[in-house]
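Undergrad: Here is how the chains run, residue by residue.
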Amino acid sequence: MDFNFTEEQTMIRDSLARLIKDQYDFDTRRKVVASKEGWRPEMWAQFAELGLLAAPFSEEDGGLGGGPIDAMVVMEEFGKGLVVEPFLQTVVLAGGFLKAGTSAQKEDHLAALISGERVFAFAYAEPKGRYNLADLETTATKDGSGWKISGHKAVVIGAPWASHLIVTARTSGGRRDAKGVGVFIVAKDAKGVTTRDYPTVDGRRASEVYFENVTVGADAVIGDPSDSLGLVEKVTDEAIAALCAEACGAMKVANAQTVEYSKTRKQFGTPIGKFQVLQHRMADMFIEHEQSVSMTYMATLKLGEDDVTRKKAASAAKVRIGQGGRFIGQQSIQIHGGMGMTDELAIGHYFKRLTMIDSEFGNVDHHLKRYTELSAAEVAVAAE
Amino acid sequence: MNLEFSPEEIAFRDEVRAFIRDNYPKELVGLGNREDLTREQFLAWHKILGKKGWSAPAWPKKYGGTGWTSTQRYIWSEENARVDALMPLPFGISMVGPVIYTFGNEEQKAKHLPGILAGDVWWAQGYSEPGAGSDLASLKTTAVRDGDHYVINGQKTWTTLAQHADWGFFLCRTDPSAKAQEGISFILVDMKTPGIEVRPIKLIDGTHEVNETWLTDVRVPVENLVGKENEGWTYAKFLLAHERSGIAGVARSKRGVERLRSIASQETLDGTPLIKTDEFARKISQLEIDLTALEFTELRTLASEAAGKGPGPESSILKIKGTEIQQRLTELTLEAVGNYGAPYARGMDHFGSNEIGVGPDYSNFSADAYFNMRKTSIYGGSNEIQRNIISKMILGL
Ligand SMILES: Cc1cc2nc3c(=O)[nH]c(=O)nc-3n(C[C@H](O)[C@H](O)[C@H](O)COP(=O)(O)OP(=O)(O)OC[C@H]3O[C@@H](n4cnc5c(N)ncnc54)[C@H](O)[C@@H]3O)c2cc1C
Ligand SMILES: Cc1cc2nc3c(=O)[nH]c(=O)nc-3n(C[C@H](O)[C@H](O)[C@H](O)COP(=O)(O)OP(=O)(O)OC[C@H]3O[C@@H](n4cnc5c(N)ncnc54)[C@H](O)[C@@H]3O)c2cc1C
Numbered sequence: 001m002d003f004n005f006t007e008e009q010t011m012i013r014d015s016l017a018r019l020i021k022d023q024y025d026f027d028t029r030r031k032v033v034a035s036k037e038g039w040r041p042e043m044w045a046q047f048a049e050l051g052l053l054a055a056p057f058s059e060e061d062g063g064l065g066g067g068p069i070d071a072m073v074v075m076e077e078f079g080k081g082l083v084v085e086p087f088l089q090t091v092v093l094a095g096g097f098l099k100a101g102t103s104a105q106k107e108d109h110l111a112a113l114i115s116g117e118r119v120f121a122f123a124y125a126e127p128k129g130r131y132n133l134a135d136l137e138t139t140a141t142k143d144g145s146g147w148k149i150s151g152h153k154a155v156v157i158g159a160p161w162a163s164h165l166i167v168t169a170r171t172s173g174g175r176r177d178a179k180g181v182g183v184f185i186v187a188k189d190a191k192g193v194t195t196r197d198y199p200t201v202d203g204r205r206a207s208e209v210y211f212e213n214v215t216v217g218a219d220a221v222i223g224d225p226s227d228s229l230g231l232v233e234k235v236t237d238e239a240i241a242a243l244c245a246e247a248c249g250a251m252k253v254a255n256a257q258t259v260e261y262s263k264t265r266k267q268f269g270t271p272i273g274k275f276q277v278l279q280h281r282m283a284d285m286f287i288e289h290e291q292s293v294s295m296t297y298m299a300t301l302k303l304g305e306d307d308v309t310r311k312k313a314a315s316a317a318k319v320r321i322g323q324g325g326r327f328i329g330q331q332s333i334q335i336h337g338g339m340g341m342t343d344e345l346a347i348g349h350y351f352k353r354l355t356m357i358d359s360e361f362g363n364v365d366h367h368l369k370r371y372t373e374l375s376a377a378e379v380a381v382a383a384e
Numbered sequence: 385m386n387l388e389f390s391p392e393e394i395a396f397r398d399e400v401r402a403f404i405r406d407n408y409p410k411e412l413v414g415l416g417n418r419e420d421l422t423r424e425q426f427l428a429w430h431k432i433l434g435k436k437g438w439s440a441p442a443w444p445k446k447y448g449g450t451g452w453t454s455t456q457r458y459i460w461s462e463e464n465a466r467v468d469a470l471m472p473l474p475f476g477i478s479m480v481g482p483v484i485y486t487f488g489n490e491e492q493k494a495k496h497l498p499g500i501l502a503g504d505v506w507w508a509q510g511y512s513e514p515g516a517g518s519d520l521a522s523l524k525t526t527a528v529r530d531g532d533h534y535v536i537n538g539q540k541t542w543t544t545l546a547q548h549a550d551w552g553f554f555l556c557r558t559d560p561s562a563k564a565q566e567g568i569s570f571i572l573v574d575m576k577t578p579g580i581e582v583r584p585i586k587l588i589d590g591t592h593e594v595n596e597t598w599l600t601d602v603r604v605p606v607e608n609l610v611g612k613e614n615e616g617w618t619y620a621k622f623l624l625a626h627e628r629s630g631i632a633g634v635a636r637s638k639r640g641v642e643r644l645r646s647i648a649s650q651e652t653l654d655g656t657p658l659i660k661t662d663e664f665a666r667k668i669s670q671l672e673i674d675l676t677a678l679e680f681t682e683l684r685t686l687a688s689e690a691a692g693k694g695p696g697p698e699s700s701i702l703k704i705k706g707t708e709i710q711q712r713l714t715e716l717t718l719e720a721v722g723n724y725g726a727p728y729a730r731g732m733d734h735f736g737s738n739e740i741g742v743g744p745d746y747s748n749f750s751a752d753a754y755f756n757m758r759k760t761s762i763y764g765g766s767n768e769i770q771r772n773i774i775s776k777m778i779l780g781l
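As they're listed, the protein sequences go chains A and B.
If you read the first sequence in our numbering, its first letter stands for residue 1, the second for the next number, and so on.
If you read the second sequence in our numbering, its first letter stands for residue 385, the second for the next number, and so on.
Here chain A stands alone, though its shape is the one from the complex:
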């Protein structure tokens, strides 16, 4: 057992922390979020230069030989800085799929991803699918040697910034069947793709993406087009672990800012941090953060294990982080009093980000249910 970070990982953390401190302070972020573009391509180029985009990929794939722990390190720092750039969508999600792709796909897309040239978004959710990854009304039908895709994808985070989309679509079977899920790479400027772009409440950008008879070649398919739900689940579990790391970063800063505020804000002639009810609240917030870090490590370290172990670990972490994030978010506002309600202070933005993390890739209810079903299945197998 070893909970230490490698030298490379520590280096990534330190240089990223420095970059965020120097160029991603809260006021700068505010301006970027309000700008027309909503992100900074030049920041993305710096991420590429620092090696962040290459860190989690193997050397054969053109990466630096790291893995999910490197992604975790990056995401935690992003959480601290409320970074909006689409690392999760591009490196963890698209990268996760491309790792399972053909060597031609890697040469084409992964190389361009690592160099920072291509930015991806993951178009999976649908208006009526809630958090079920197999609940797909978007279809991909055979069209010569290629495919024809039609459907509507909801709240595709980062899509306005993306050049390419990773799209899940049903190739056979009924809506919600486990079989018949395919994964496709689609250039966003392909004929038949339209988007409606908008900001999100936590300072990101997203799109409704509509596909109308979009034709793609056979080389657009990642994995087995008739049976890729397993791959989709694996990659989203990797994204969940990374998202949990982001939440841990945001929780850490929210707690630190709250403790600091409670030491300086005086009421009744004394710092409010002297009131025991607030001390205990902050002690609980501290516990929630520590538990979240533990669960994030746990889930990240189990990403390589068998499917059931991995899924349970990811769901368990997502449940704890959803609950901890809500508690920390709400209480940091409460302890800041009226100041916590203002757009001016960073604390409200941490609260908003923590709130939205709960609903990304399934909220607490979804993952409690998934965990329970997986456990029940294990019990049933054991009983046989």
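Treat the hints as calculated values from the structure; they're not laboratory data.
Ideal Cβ positions, reconstructed from N, Cα and C, are used throughout, including at glycine.
It is possible that some hints are incorrect.
[Stated by the list, open to error] The calculated label-pair distances, taken between Cβ atoms and stated as ranges, are:
(1) A:Thr372 / B:Ile774: 54 to 60 Å
(2) B:Leu387 / A:Val277: 35 to 41 Å
(3) A:Ala34 / B:Leu415: 53 to 59 Å
(4) A:Ala377 / B:Ile673: 31 to 37 Å
(5) B:Trp598 / A:Gly65: 43 to 49 Å
(6) B:Asp550 / A:Thr372: 46 to 52 Å
(7) B:Arg466 / A:Glu37: 41 to 47 Å
[Unchecked claim] In silico lysine-lysine, PhoX-like type, Cα no more than 20 Å apart, as pairs:
(8) B:Lys524 / B:Lys446
(9) B:Lys667 / A:Lys369
(10) A:Lys188 / A:Lys106
(11) B:Lys586 / A:Lys31
(12) B:Lys431 / B:Lys495
(13) B:Lys435 / B:Lys493
(14) B:Lys563 / B:Lys493
(15) B:Lys445 / A:Lys266
(16) B:Lys445 / B:Lys431
(17) B:Lys524 / A:Lys369
(18) A:Lys263 / A:Lys274
(19) B:Lys660 / A:Lys128
(20) A:Lys128 / A:Lys179
(21) A:Lys252 / A:Lys263
(22) B:Lys612 / B:Lys524
(23) A:Lys21 / A:Lys252
(24) A:Lys274 / B:Lys667
(25) B:Lys576 / B:Lys563
(26) A:Lys148 / A:Lys99
(27) B:Lys445 / B:Lys524
(28) B:Lys563 / A:Lys266
[Unchecked claim] Output of the computed footprint for chain A on chain B, the stretches with three or more beta carbons under 8 Å from beta carbons of chain A:
(29) 418-424
(30) 518-524
(31) 649-661
(32) 725-732
(33) 766-772
On the provided structure of chain A, position chain B with the ligands as indicated by the hints.
TA: Chain B with the ligands in isolation, oriented as in the chain A frame:
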């Protein structure tokens, strides 16, 4: 004890229901929970009620109240909540009005009460300051006597919707040598007086709901002092207790539960309406049970008020539980809408689109409402302060 409505009460319910149906402005339908409306929108229903003589049911009849029993008042708020009506704002009707008719002189009553009732005059509450929030008595804004004027200097903050206000009621220190609670006066200020500057504060949901109010050498005639000089704290506390009991919001939360049920019937989980899933159905049940407990606690409080007792420290229960339920409602609504909680409807117009919202209509503003409702456990005396009140005033700790 008896829960049934009498035939007269049922007739009353039918009467007010018909009145609301026939008179509630169509253009306000669906806006009942928004914070970013125009002055005209905020006042529209208030003005109609003013004409009818129904804008201040809780006031004594001789000052323009309706003379309704507490049961009738209960029916009234239920009926308004059924259509999510945008009720008169609290600052005039529930806050300064009762202070004026209880502690003010005849000129003040004659001058201010009609405008409050009619919805012609918008009032703002100038209590909090940057350094005086929970510890309101530490306020520093001063009013210094100069001939037949007070000269007010200081800064108020969190002044709700002061951008629309015609008048404000301000707590000012008139005796700097007295200890905290003493030496404070309750002064009515025309917001057009030179020296007042109202600056917007943007909240986390993007709305402009509160303001900083700066007062520099603001000259106010001494006749605007309510009651006695240096006794404003008594009036301020009287008002806070009134503010707290209104804050339970039972009728509105019931409507919120209905709305949540409707959303949860339209949202699906693997093809099943969310409301038919055990997890979510139980959450709604739990909320409704909590709301029932609050409702009956409020009814008991109203009954003892009707028996002549003013709102006491027990109203802290209503404040704590009422706000927790309001917050939980928005939390569950946000959960119910799933992925469509993320789009920022208020930000769309900055984004070259004048079409508001994506996803089902009911999902718009669900996250913003959740963010905004965090204020309720902070204002009106934070929920920590309410628990301090229960510990001290009721438990004797
Ligand atoms: C089953 C059991 C086994 C035990 N075994 C041992 C043992 O092996 N050796 C040993 O030495 N002792 C033992 N204890 C005693 C134990 O350490 C004391 O009970 C404990 O320290 C609490 O002290 P008290 O019972 O006097 O309660 P009090 O100290 O009177 O506390 C009463 C309540 O007040 C709260 N409280 C007290 N101070 C504060 C504060 N500053 N802020 C907020 N809340 C406060 C407490 O949390 C508690 O809820 C045992 C007790 C139990 C119940
Ligand atoms: C949206 C909004 C609208 C408002 N509208 C108005 C208005 O129209 N007019 C007006 O005058 N004011 C208004 N207020 C101000 C409101 O009354 C104050 O925010 C409130 O009194 C809390 O003060 P504060 O914000 O300074 O927080 P603080 O008093 O600094 O409190 C910070 C935290 O410390 C806690 N705390 C403080 N003292 C204690 C204690 N003794 N024990 C335990 N915990 C404690 C609080 O509960 C809170 O969690 C509004 C506030 C908001 C957010």
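Undergrad: List, from low to high, the hint numbers that the structure doesn't satisfy.
TA: When the structure is compared with the hints, numbers 1, 3, 5, 6, 8, 14, 15, 17, 24, 25, 26, 27 and 29 turn out to be violated.
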